[in-house]
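Asker: Protein chains in written order, with the working numbering: chain A, 1 to 491; chain B, 1 to 330.
If you're looking for bench data, these hints aren't it; they were derived computationally from the structure.
Just so it is clear, CB atoms sit at the ideal spot from N, CA and C, and this is done for glycine as well.
Each hint should be verified, as a subset may be incorrect.
[What the hints assert, rightly or not] Derived, one-sided and incomplete: chain B residues facing chain A with beta-carbon distance under 8 Å:
no., residue
1, 63
2, 67
3, 71
4, 225
5, 283
6, 284
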Amino acid sequence: MNNTFKNVSLGVIAATITFGVASTISVSAQQTYDPVAQRAIDGARAYIKANNLQNPKLDVLLNSLYRNSFPDFAAEWKELTGVELVSEPLGYTDIPSKVMGEAVAKTGAFDIFNDFPYTQPDAASAGVLHPLDEFAAKYKPDFSGIPEAFVAQQYYNGKQYSFVLDGDHIMLVLRKDIVENPKAQAEFKAATGKDLGCPATMADWEEQAKFFHTKAGETRWGITFEQPLYGAMGYRSVNFSHRHFPAYFGGLLFDKDMNPKVNTPQGVAAIKALASIVQYMPEDIQGWGTPQIYPFWGSGQAYSVMSFPSIFGFGNANPNSTVKGKQLPCVIPATTAGGAPVRRAAEAAGTSYMVNAYSDQPELAYLFIQWLTSPSVGNRAIAHPKGFWDPFRQQNLGNEGIIAKFSNEFLEETMENAQFTTSLLYIEGHYEYMKILDNNLAEVMNGNKTPEKAAEDIEDGWNDVTEDIGRKNQVDVWRKGVEAGLYIDKF
Amino acid sequence: MTDATLNGTGKPARLGPLARLGAWLGQERVFRWIPFVLVEGMFLLVIIIPFLLTIYISFLRWRANRPFEQAYLSGFRNYEQVLTNEGFWLSLGRTFYFAGAAVAFELIVGFLLAMAVHRIVRGRRIYITLFLIPMMLVPVVAGYNFSMIYLDSGPLNQLLSPITTALGFDPRIRWLSDPTAAQLAIIFADIWQWTSLTFLIFLSGFSALPPQLINAARVMGASRRQIFLWVELPLLKPAIVIAIVIRSMEALKMFDPVVMLTFGGPGTATQTIAHYLWEQVWMFNKYSFGAAASILLLIMFSVLIFTGIWLLIRQTEQVEQQQLNTGSDG
């Protein structure tokens, strides 16, 4: 009996050790071997040798959000290949003009541009971006597990110009501690007849925002609010409102011939909904960007926020946050502006990497980008504690670093949300089209225009831009983008 | 011939190219032209060539999202587009409103401060230093500080809350997101920073007042008010016109507080013409549209500035004439 027990015990221990070792080997192999990254490393080494480069160097025009995380990857790339990366951090609002300035000056001062994907249409048309198709055919990047709209954002007018490494599709986050409060649930049910949880539609979200909007000094559900609890938060300032508009509109912004569809009942309903919920947001919301919205959410003074996914990580990781463990991530609510409920999460910002057409070493620049955005290195970037890259591809799901940073609950929601990702307008003149939208949304929010008049003015403004750039060209690119799946919706 | 130019054979030594150049430049007829050529060269390079290029580009059809090689001449189309653009006129109107309001306050406050400092004896230097500090701050820093002050839960609203609450207003004034409040916020930031300049101009004006005229008026029994109104103020007219011209020129280019505080928003409520042009060119890549708008603005502002300068010259001449008359009378 004793011997049998001993043998069984030893067998179990041996099996456990074997399984453990095998798992470790398997995990480490998974982490270290990535054919896409390896091809980039080998390619860079071969390129340097073939071209007899001494102390090769690449200059990167870097989005300043990444000034604390990018250097780690730059150091690793230097160790792997000997290529030094010199980064010049710049605010994201200034990068497009630098890129377009390079289109005129043609200096080759930067080899790599790091910016929102939306800079790409103007830059590619101006000839300042190097088409990457030839390099991609040679070094074979991997876009598996990436939602269609993100893949499509790497291309413009049929050519690849960039690599995307960020899932900046907007999502909704609620206060879990309030949602799970039995008294709050009961009161909400009694008031609305609905169960409390992630709202199904934008109207449901506004209903919740209205219900939970609480003045300072009130006691509700056993909680006394010393400060007001705002029902909602979202981006409503200059250069940001438009990023939320597709979620309210729920469809293509133009028809097949680039005629705007905003001056329709659907467009007017979307404008109304976007403006209506502002009454439950902080009074100063039209002047707020990320530096104000994130800390305010962290201070616990809002019930819900529609934002970039990184707000969830901020709420969990920021030392001053009072909402750690109290956040409930939700898929973007559906809009009913067009009738049937439609969920559309705009890729509101994003991080992409492009190669300067005037770079002396475009192939070397390409190889670094392929390495950085490869599944394994990309995973490490997204998991980087000081980075702002957000999860966006299936390979992110199983990564321990990403799980530790974002939590499984969030990952599941954000990956589901990614399926509804749609691009903002991805054609030449993007910033001008979107500014017209922004200005008119602000006029409605301030009560200076009716939604109907705003819809009319947006339509006129957009038509002017289309004519000014050239309708034929715009129609052609717009149709290609729709066919490529940039916007989920089709004609 | 000096030794330095002779070799051992007694023949003139051959000079190197640099030495020859130096010798050539050292000639009187050449040397006197050097400063002129340098200054004019810089002027040509920095002002004239870019200006001519701007005029040329203003007649092209060109957005920077297409290579320059694809640009083509389009006559006055850009000018027509600018003149029929609602955004251009609205931002121009807003600029005049901001500049008018800010400069008016800066003149009044600067004048009063200068008058007060001119009359005090103790601590004068300290006051002058204190009042000049805002002007010495980098506009970006001043703008950033104001962005903190104007937060809806910031110090300004906290200071005002006893008044606003007593009046029944919401104490959280949306300084940066309410269209009217944001406009006032930008005007106030400009007043805070640039009153220093008008103060400095007026203080120098007060310091330059001829004491014999003021003493003569006093001896003749004029009251302090009469001396101020009929002696000092007329003599200060050139300083006033200088302050108006200089500040107006600067205020019409208002850009930094707009970028730092509101980025032109909410909507376009605080967009000045400088910000509008920046946006058209650097955000929307409409280089030829921006060039045409710049030329039109240059014409408009030139008319204003030259009118101001003409006024300045006229006032100076009048004051000089007055002084001459007073001197000959005396």
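Asker: For every hint, state whether the structure bears it out.
Answerer: Hints versus structure:
1. Against a cut-off of 8 Å between C-beta atoms, the interface hint on residue 63/B holds, since the closest Cβ of chain A lies about 7 Å away.
2. A distance limit of 8 Å between C-beta atoms decides the matter here; for residue 67/B the minimum to chain A is near 5 Å, and the interface restraint holds.
3. Using the Cβ-Cβ criterion of 8 Å, the hint placing residue 71/B at the interface with chain A is not satisfied: the shortest such distance is roughly 11 Å.
4. A distance limit of 8 Å between C-beta atoms decides the matter here; for residue 225/B the minimum to chain A is near 46 Å, and the interface restraint is violated.
5. Taking 8 Å as the C-beta contact cut-off toward chain A, the hint placing residue 283/B at the interface holds, the least distance being around 5 Å.
6. For the restraint placing residue 284/B at the interface with chain A, the shortest Cβ-Cβ distance is roughly 4 Å, inside the 8 Å limit, so the hint holds.
In this structure, the earlier hints numbered 3 and 4 are contradicted, and the remaining ones agree with it.
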